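*Asks:* Sequence:
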Amino acid sequence: MVQVDVLEKPIARIKQTCELAGIADTFDRALPELETFLEAEVARGEVRESRLTFDGLRYLRQLLRAKP
Numbered sequence: 002m003v004q005v006d007v008l009e010k011p012i013a014r015i016k017q018t019c020e021l022a023g024i025a026d027t028f029d030r031a032l033p034e035l036e037t038f039l040e041a042e043v044a045r046g047e048v049r050e051s052r053l054t055f056d057g058l059r060y061l062r063q064l065l066r067a068k069p
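For the sequence shown, the numbering used here assigns the number 2 to the initial residue and increments by one for each residue that follows.
Take every hint as true, because none was put in to throw you off.
Here are the simulated lysine to aspartate or glutamate pairs, DMTMM-like style, with alpha carbons at most 20 Å apart:
(1) K10 / E47
(2) K10 / D56
(3) K16 / E50
(4) K16 / E40
(5) K16 / E42
(6) K16 / D6
(7) K10 / E42
(8) K10 / E40
(9) K10 / E36
(10) K10 / E50
(11) K10 / E20
(12) K16 / D29
(13) K16 / E34
(14) K16 / E36
(15) K16 / D26
(16) K10 / D29
(17) K16 / D56
(18) K10 / E34
Hints are computed from structural coordinates only; laboratory data are not their basis.
All values reported here derive from a predicted model rather than from experimental measurement.
From just these sequences and the hints, can you work out the full model?
*Replies:* So, in structure tokens, the structure goes:
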């Protein structure tokens with residue numbers, strides 16, 4: 002298995018944001034889906050940490066809205 006290092010900082014920032022918002026447990030449950038989403042973004046050519054963080058947060062918000 003190959004680890005994508007470019008995802009480390011965006012995922013850490015998203016996790017920190019979730020901790021500050023009091024939803025760390027939600028982050029932990031959504032992490033596999035979030036990683037898959039971010040890996041797809043990297044596969045499309047996106048490597049900017051700030052953009053991956055922003056897109057990851059938006060995706061997480063969509064996940065939270067879709068699940069009761």
